[in-house]
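Number of protein chains: 2
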Amino acid sequence: MTHPLFEKHQALLEQALEAIARRGYWTPFPEMPSPKIYGETALEEGKAAVLGLHGQRFSLEGQPGTGEWIAPERSPYGVELNVSYPVSEPESLVAAARKAQDDWQKLGPKGRVGLLLEALVRLNRRSFELAHAVMYTTGQGWMMAFQAGGPHAQDRGLEAVTYAWDEMRRIPETALWEKPQGKNPPIRMEKRYEIVGRGPAVVIGCGTFPTWNTYPGLFAALATGNPVIVKPHSNAILPAALTVRVLRELLTEQGLDPNVVQLAVFAQREHTQRLVTHPEVKSIDFTGGCAFGNWLLEHCRQAQVYAELAGVNTVVIESTDDYQGMLRNLAFTLSLYSGQMCTTTQAILVPAGGIDTNEGHKSHEDVGRDLARAIEALLTDVKVATAVLGAIQSEETLRRIEEAASGAFGRVLLAPRRIEHPEFPRAQVRTPVLVACEAKDEAAYMEERFGPIAFVVAVPDAAQAASLAERIVREHGALTLGVYSTKAEYQQTMVEVSCRAGVALSLNLTDGVYVNQSAAFSDYHGTGMNPAANASYADSAFVANRFRVIQRRWHVS
Amino acid sequence: MTHPLFEKHQALLEQALEAIARRGYWTPFPEMPSPKIYGETALEEGKAAVLGLHGQRFSLEGQPGTGEWIAPERSPYGVELNVSYPVSEPESLVAAARKAQDDWQKLGPKGRVGLLLEALVRLNRRSFELAHAVMYTTGQGWMMAFQAGGPHAQDRGLEAVTYAWDEMRRIPETALWEKPQGKNPPIRMEKRYEIVGRGPAVVIGCGTFPTWNTYPGLFAALATGNPVIVKPHSNAILPAALTVRVLRELLTEQGLDPNVVQLAVFAQREHTQRLVTHPEVKSIDFTGGCAFGNWLLEHCRQAQVYAELAGVNTVVIESTDDYQGMLRNLAFTLSLYSGQMCTTTQAILVPAGGIDTNEGHKSHEDVGRDLARAIEALLTDVKVATAVLGAIQSEETLRRIEEAASGAFGRVLLAPRRIEHPEFPRAQVRTPVLVACEAKDEAAYMEERFGPIAFVVAVPDAAQAASLAERIVREHGALTLGVYSTKAEYQQTMVEVSCRAGVALSLNLTDGVYVNQSAAFSDYHGTGMNPAANASYADSAFVANRFRVIQRRWHVS
Chain A
1 MTHPLFEKHQ ALLEQALEAI ARRGYWTPFP EMPSPKIYGE TALEEGKAAV
51 LGLHGQRFSL EGQPGTGEWI APERSPYGVE LNVSYPVSEP ESLVAAARKA
101 QDDWQKLGPK GRVGLLLEAL VRLNRRSFEL AHAVMYTTGQ GWMMAFQAGG
151 PHAQDRGLEA VTYAWDEMRR IPETALWEKP QGKNPPIRME KRYEIVGRGP
201 AVVIGCGTFP TWNTYPGLFA ALATGNPVIV KPHSNAILPA ALTVRVLREL
251 LTEQGLDPNV VQLAVFAQRE HTQRLVTHPE VKSIDFTGGC AFGNWLLEHC
301 RQAQVYAELA GVNTVVIEST DDYQGMLRNL AFTLSLYSGQ MCTTTQAILV
351 PAGGIDTNEG HKSHEDVGRD LARAIEALLT DVKVATAVLG AIQSEETLRR
401 IEEAASGAFG RVLLAPRRIE HPEFPRAQVR TPVLVACEAK DEAAYMEERF
451 GPIAFVVAVP DAAQAASLAE RIVREHGALT LGVYSTKAEY QQTMVEVSCR
501 AGVALSLNLT DGVYVNQSAA FSDYHGTGMN PAANASYADS AFVANRFRVI
551 QRRWHVS
Chain B
1 MTHPLFEKHQ ALLEQALEAI ARRGYWTPFP EMPSPKIYGE TALEEGKAAV
51 LGLHGQRFSL EGQPGTGEWI APERSPYGVE LNVSYPVSEP ESLVAAARKA
101 QDDWQKLGPK GRVGLLLEAL VRLNRRSFEL AHAVMYTTGQ GWMMAFQAGG
151 PHAQDRGLEA VTYAWDEMRR IPETALWEKP QGKNPPIRME KRYEIVGRGP
201 AVVIGCGTFP TWNTYPGLFA ALATGNPVIV KPHSNAILPA ALTVRVLREL
251 LTEQGLDPNV VQLAVFAQRE HTQRLVTHPE VKSIDFTGGC AFGNWLLEHC
301 RQAQVYAELA GVNTVVIEST DDYQGMLRNL AFTLSLYSGQ MCTTTQAILV
351 PAGGIDTNEG HKSHEDVGRD LARAIEALLT DVKVATAVLG AIQSEETLRR
401 IEEAASGAFG RVLLAPRRIE HPEFPRAQVR TPVLVACEAK DEAAYMEERF
451 GPIAFVVAVP DAAQAASLAE RIVREHGALT LGVYSTKAEY QQTMVEVSCR
501 AGVALSLNLT DGVYVNQSAA FSDYHGTGMN PAANASYADS AFVANRFRVI
551 QRRWHVS
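So the protein sequences, as listed, match chains A and B.
For the first sequence, our numbering begins at 1 and goes up steadily by one.
For the second sequence, our numbering begins at 1 and goes up steadily by one.
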């Protein structure tokens with residue numbers, strides 16, 4: 001059973017299948033916001049579309065609501081958003097999802113995959129609109145908002161659809177089972193195998209990456225036959241709402257129940273808890289802090305929970321043959337979006353006796369001082385600084401920056417500065433704070449301090465740095481681990497650390513790739529093997545358990 | 001990186017991959033205990049090998065033990081077994097597993113798969129030995145012990161290895177990532193992807209199918225890079241011990257740490273709980289009752305738990321064009337191994353107004369009476385009866401038979417009989433008990449009563465039978481659902497029931513296939529979608545989450 005949208009996008013799907021098999025560089029969604037690619041007027045139109053929503057009601061026709069509207073978003077750039085969303089109740093959303101599931105189920109794997117590919121292509125065309133929505137709500141700089149909020153998120157969505165399809169396509173629709181009976185005729189049975197979604201899915205977004213961290217779960221759950229209720233972070237609703245609307249429009253066009261995808265905006269916080277513990281909710285994708293994440297794992301026993309939580313991302317510096325390249329690379333990593341990425345390095349482990357470099361031996365103090373200088377150098381130009389840093393997304397992060405700047409966690413190597421944003425005078429822009437401490441000061445650096453806060457940690461020697469890194473990842477989790485070393489033996493030690501602790505390792509990044517970046521179709525984001533995440537974007541484990549195969553069989557002659 | 005054993009068995013693996021893609025009939029392990037296939041002396045040698053173990057110590061060289069020996073098995077056939085096993089402590093087993101994991105990890109996917117295929121082939125050659133071990137410990141009849149305990153279990157093990165390989169082979173070992181930079185040279189990175197097992201696995205066997213229900217988890221966990229501790233049921237240790245020994249011998253031959261596979265025999269019951277809650281144990285496969293199964297799901301939060309629990313398998317009779325065939329088929333299903341299969345039908349739903357058949361209309365009473373007669377007819381000949389029924393495996397099942405026979409659950413349509421086993425005078429052999437009740441007597445039939453106890457349930461009409469079946473599966477779980485109906489529309493209703501409730505459906509079985517049978521490579525055993533099991537033998541969800549991919553990347557010029 002094929003479908004026109006499946007046929008329309010089959011070439012794209014074939015390329016994506018090739019990409020997940022090879023894991024080289026590939027993307028169908030250009031990351032450059034170029035007028036030549038996206039159209040001469042795309043930037044202005046996208047911006048205007050988002051500005052046009054400000055102060056308006058964002059309606060979602062056909063979705064069950066209470067009639068109430070709320071506008072909870074506050075822009076880290078100080079821009080007045082005031083977009084109102086229809087309030088829903090958890091039980092009505094689940095009931096509508098259950099009702100919509102039949103349509104979605106009957107569409108079959110090819111129909112669902114075709115429709116989702118069409119949705120991703122449409123979302124790509126609206127990347128400038130999504131980018132502005134992401135930028136205003138999260139405080140990301142414009143370029144990151146475009147790339148991570150648009151094409152890179154679409155890549156991750158496509159990757160999830162591709163893995164889902166790759167699993168589903170391997171299950172035959174029918175089989176003829178013929179068991180030989182010696183000289184007698186064989187026993188013959190016909191069998192049919194239905195791919196059945198497990199039931200309504202909830203995808204809970206975070207405040208910093210409302211599309212990038214939402215699309216994998218959203219598209220994986222949909223592709224495998226489940227209706228999805230998207231519950232965005234209360235401060236980053238618009239990017240999710242735009243996405244949900246694109247999907248709902250497409251569902252309606254196709255004569256399907258649009259409630260296959262719904263947006264959950266609640267007036268009361270406990271409604272989220274009622275939603276996720278609803279007995280009919282069968283999967284939950286979550287990105288966010290450990291408190292709510294662990295609450296979900298503890299209380300939502302009726303559902304499969306895919307959780308990305310906090311961690312302490314670590315870099316070990318043992319030696320380098322490109323001292324300046326290393327410093328520049330780390331400075332950019334620590335500054336990008338003010339460290340408000342789940343992949344940003346927090347702990348930089350340096351042997352107390354210093355390191356060998358192409359510029360001679362550097363003491364532990366040298367490394368801390370030079371890294372502080374590299375950050376200052378990167379952020380000297382206000383235009384560069386605001387573009388790289390973006391704005392601080394939450395009050396809690398501002399508070400953590402002040403706490404670190406007060407010397408509460410160790411000697412301050414680099415104090416944070418407030419920068420006036422030339423375009424957004426009310427934006428909260430801060431440069432990173434860098435703190436020096438010792439390995440024994442575990443209370444300081446061995447807990448996630450989300451935001452632009454990093455530690456240069458003096459460790460007795462390189463061997464202890466490796467074992468400390470392993471313990472950090474095992475006990476506190478990490479999405480990224482980096483090492484700088486010119487010694488093959490030490491690199492191998494760190495490779496073994498990464499395999500035992502279960503974390504992706506970047507070696508000697510001194511060029512245009514940063515430890516906090518992961519590219520869809522090539523880099524697995526998270527491993528699912530340490531406390532920072534119990535799943536990965538994306539692999540077969542991320543999709544295979546979202547559907548079940550229900551068979552039937554009967555004798556045929 | 002290939003391996004001689006991988007190359008040796010590559011043709012077998014290719015066939016198995018083809019089989020899981022087509023899901024037609026396939027097996028490399030002949031189910032007929034034919035001397036032509038297994039050798040003229042295989043039967044006698046296998047029997048002698050097992051009898052030779054009676055009264056002996058079953059040593060497992062190199063496995064950490066306390067020095068104590070215990071012999072807890074009691075044969076349902078009344079045969080004196082008295083095989084002693086070395087007692088271990090949970091912590092030493094886990095420590096030995098952790099130590100062995102490195103060897104196993106370094107062997108790589110091809111080496112592991114090759115070694116496991118070799119092990120399965122060797123186990124197949126020892127099917128007669130395994131069959132006698134299964135027969136004496138579980139009470140299965142000889143033919144079932146051979147087939148289910150030998151080739152069919154080996155099939156399920158091979159199926160698990162095949163799914164694991166199919167997932168692992170799709171992850172490239174290396175990738176070159178080249179990101180274009182316009183007119184500048186591309187950014188180039190080399191990446192490596194390691195498949196890493198999540199850590200020590202525990203596989204908990206049941207007392208009735210000590211190989212068939214153990215091999216899927218055992219071989220899935222091993223193939224994906226995890227050392228395994230096999231914890232057999234205390235009354236069915238020998239089949240697991242023989243299996244573990246074959247694997248350990250092969251590991252030793254290959255110069256690997258044999259503690260990749262260990263046997264857990266504990267002197268104290270709480271040691272099992274200490275084992276499964278050990279923080280280093282990362283996965284648990286369990287087959288058994290709900291009490292311990294739910295305890296595992298509740299308490300072993302550090303591990304992925306794959307659980308097959310109790311259920312209420314159901315058959316709906318709406319109409320039939322082969323009344324005698326249906327009765328014979330059901331009689332055999334209810335009698336086979338005295339209903340001590342997790343797939344045996346317990347509730348037979350029949351409209352109170354009766355059914356249309358090729359022999360005219362049959363009242364609800366007719367159906368109950370005729371089914372009772374069909375069971376009696378099947379079991380008239382003592383040799384047939386003892387071959388089909390086997391022996392009752394546990395005291396609890398004997399107690400449940402008596403309880404049902406007392407009329408506690410409804411009118412007794414067929415009373416159980418004790419049969420003298422001509423070969424084993426102390427064997428506990430019983431014919432099934434059949435009870436009539438009404439749909440409203442939920443306390444009677446809507447709870448698993450493991451053993452040869454079935455209910456003919458009068459349901460107001462066929463539509464209500466369908467919805468009752470759906471509720472039984474949803475709320476109490478089921479591994480099998482059957483329907484007899486000549487009407488396409490009613491069949492479709494039941495297909496939809498099976499998809500919504502998530503259970504495999506057999507339609508109109510009147511011939512040589514029974515609802516309680518599932519064939520590896522074609523029938524999924526369990527769906528993972530209802531309370532009877534959270535996983536299936538076998539699909540990609542059964543293997544994909546047992547390993548993780550750990551990547552590393554670095555710049556190359």
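Hints are supplied without guarantee of correctness; some may be wrong.
Listed below are the simulated DSS-like cross-link pairs for lysine-lysine, each with C-alpha atoms no more than 30 Å apart in a straight line [as the list claims (entries may be wrong)]:
| # | chain 1 | residue 1 | chain 2 | residue 2 |
| --- | --- | --- | --- | --- |
| 1 | B | Lys440 | A | Lys179 |
| 2 | A | Lys179 | B | Lys99 |
| 3 | A | Lys99 | B | Lys440 |
| 4 | A | Lys487 | B | Lys179 |
| 5 | B | Lys36 | A | Lys183 |
| 6 | A | Lys179 | B | Lys282 |
| 7 | A | Lys183 | B | Lys487 |
| 8 | A | Lys440 | B | Lys179 |
| 9 | A | Lys36 | B | Lys440 |
| 10 | B | Lys179 | A | Lys47 |
| 11 | B | Lys99 | A | Lys487 |
| 12 | A | Lys99 | B | Lys487 |
| 13 | A | Lys179 | B | Lys106 |
| 14 | A | Lys36 | A | Lys47 |
| 15 | A | Lys106 | B | Lys487 |
| 16 | A | Lys36 | B | Lys179 |
| 17 | A | Lys487 | B | Lys106 |
| 18 | B | Lys183 | A | Lys383 |
| 19 | A | Lys282 | B | Lys179 |
Some chain B residues near chain A, calculated using beta-carbon distances under 7 Å [what the hints assert, rightly or not]:
| # | residue |
| --- | --- |
| 20 | Glu167 |
| 21 | Ala175 |
| 22 | Ile187 |
| 23 | Phe332 |
| 24 | Asp511 |
These aren't lab readings, by the way, just hints derived from the structure by calculation.
Given the structure is predicted, the values throughout are model-derived calculations rather than measurements.
Positions of the beta carbon are idealized from the N, C-alpha and C atoms, including for glycine.
- Which hints, by number, does the structure contradict? 1, 2, 6, 7, 8, 9, 13, 19 and 23
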